[in-house]
Amino acid sequence: DGGITQSPKYLFRKEGQNVTLSCEQNLNHDAMYWYRQDPGQGLRLIYYSQIVNDFQKGDIAEGYSVSREKKESFPLTVTSAQKNPTAFYLCASSSTSGGFIGELFFGEGSRLTVL
Amino acid sequence: GEDVEQSLFLSVREGDSSVINCTYTDSSSTYLYWYKQEPGAGLQLLTYIFSNMDMKQDQRLTVLLNKKDKHLSLRIADTQTGDSAIYFCAESIGGATNKLIFGTGTLLAVQP
Numbered sequence: 049d050g051g052i053t054q055s056p057k058y059l060f061r062k063e064g065q066n067v068t069l070s071c072e073q074n075l076n077h078d079a080m081y082w083y084r085q086d087p088g089q090g091l092r093l094i095y096y097s098q099i100v101n102d103f104q105k106g107d108i109a110e111g112y113s114v115s116r117e118k119k120e121s122f123p124l125t126v127t128s129a130q131k132n133p134t135a136f137y138l139c140a141s142s143s144t145s146g147g148f149i150g151e152l153f154f155g156e157g158s159r160l161t162v163l
Numbered sequence: 010g011e012d013v014e015q016s017l018f019l020s021v022r023e024g025d026s027s028v029i030n031c032t033y034t035d036s037s038s039t040y041l042y043w044y045k046q047e048p049g050a051g052l053q054l055l056t057y058i059f060s061n062m063d064m065k066q067d068q069r070l071t072v073l074l075n076k077k078d079k080h081l082s083l084r085i086a087d088t089q090t091g092d093s094a095i096y097f098c099a100e101s102i103g104g105a106t107n108k109l110i111f112g113t114g115t116l117l118a119v120q121p
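Protein sequences, first through last, are from chains A and B.
For the first sequence, this note's numbering begins at 49 and goes up steadily by one.
For the second sequence, this note's numbering begins at 10 and goes up steadily by one.
Please keep in mind that the hints were generated in silico from the structure rather than gathered at the bench.
Don't take each hint at face value.
What the hints assert, rightly or not - Just a sample of chain B residues kept apart from chain A, beta carbon distances all over 12 Å, derived:
1. Leu19
2. Asp25
3. Asn30
4. Leu54
5. Thr90
6. Lys108
7. Ala118
Unchecked claim - Derived DSBU-like pairs (lysine-lysine); straight-line CA-CA distance at most 30 Å:
8. Lys79/B - Lys105/A
9. Lys57/A - Lys105/A
10. Lys105/A - Lys119/A
11. Lys119/A - Lys108/B
12. Lys118/A - Lys108/B
13. Lys131/A - Lys108/B
14. Lys79/B - Lys57/A
15. Lys105/A - Lys108/B
16. Lys119/A - Lys45/B
17. Lys79/B - Lys108/B
18. Lys108/B - Lys57/A
19. Lys105/A - Lys45/B
The beta carbon of each residue, even a glycine, is placed where N, CA and C say it ideally should be.
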């Protein structure tokens, strides 16, 4: 079945460590996104990519990095520079051509806890 | 700046109607969206409305758009316990239909 797979589902990290969250999609979508979800703050955009080898910062990119070497993969690294990394992270993808444009397909999320 | 606002919580009884409200800021948004998030999961698109429409109905869901006031609402008729979830309003930014700004989300609790 087509969809978006995020891993790991739960992750614990010590302060000062970098951690990478995986996001893979087999929907043949060009665009991919990373959002952060905190209680009472909704979803905030971290990074997005509209095409392979290109990505743009979202509203809260500081302390995060991404790469887009393959169409199906958009990993997010949470670096030690991110001051408050404990959150629920959501990856999404969307089509940029044909039919209705604007539906984001989300993974099930990765919950990161910094100890 | 861009800001999409929603009330944080709504409680209704099973069988009643639910109305979730949202205000947005970008008047150039092409589409406005409602997404649903069930516990511990990602979001799913529930419905959307094109910016030149006032209303859209889809089974138990009715979306109302007031462009003058930049106000969007979602009405769920005959609310069921399975409708309990967080509902997010979202707008597309600057006419770009695949970059969305989400609201804070409204937690809908349906009491049996």
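Results for each hint:
Every CB of chain A lies more than 12 Å from the CB of Leu19/B, the least distance being 14 Å, so the non-interface label holds. Interface exclusion of Asp25/B from chain A stands, the closest Cβ pair being 25 Å apart, more than 12 Å. At roughly 15 Å, the least C-beta separation between Asn30/B and chain A is larger than 12 Å, which holds for a residue marked as non-interface. Non-interface status of Leu54/B relative to chain A is broken: a Cβ of that chain comes within 12 Å, the nearest being about 5 Å off.
Every CB of chain A lies more than 12 Å from the CB of Thr90/B, the least distance being 22 Å, so the non-interface label holds. Not every C-beta of chain A lies more than 12 Å from that of Lys108/B, the closest at about 7 Å, which undercuts listing it as non-interface. Interface exclusion of Ala118/B from chain A stands, the closest Cβ pair being 15 Å apart, more than 12 Å. The straight-line distance between the Cα atoms of Lys79/B and Lys105/A is roughly 27 Å, inside the 30 Å bound, and the hint therefore holds.
With a C-alpha separation of about 24 Å, the suggested pair Lys57/A and Lys105/A falls inside the 30 Å cut-off, and the hint holds. Between Lys105/A and Lys119/A, the direct Cα distance comes to roughly 18 Å. Compliance with the 30 Å bound is thereby established for this hinted pair. A hinted pair counts as satisfied when its Cα atoms are at most 30 Å apart, and Lys119/A with Lys108/B qualifies at roughly 18 Å. Of the pairs offered as hints, the one joining Lys118/A and Lys108/B holds, with about 20 Å between alpha carbons and a cut-off of 30 Å not exceeded.
For a cut-off of 30 Å, the pair hint linking Lys131/A to Lys108/B stands: about 26 Å separates their Cα positions. For the hint linking Lys79/B to Lys57/A, the alpha-carbon distance of about 37 Å lies beyond 30 Å, and the restraint is violated. A C-alpha spacing of about 12 Å is found between Lys105/A and Lys108/B, which places the hinted pair at or below 30 Å, so the restraint holds. Restraint check for Lys119/A and Lys45/B: satisfied, since their Cα atoms lie roughly 27 Å apart, inside the 30 Å limit.
Taking the CA atoms of Lys79/B and Lys108/B, the gap is near 18 Å; set against the 30 Å cutoff, the hint holds. A distance of roughly 25 Å separates the Cα atoms of Lys108/B and Lys57/A; the hinted pair therefore holds under the 30 Å criterion. Annotation: proposed proximity of Lys105/A to Lys45/B holds, straight-line Cα distance about 25 Å (limit 30 Å).
Violated hints, listed in ascending order, are 4, 6, 14; each of the other numbered hints is respected by the structure.
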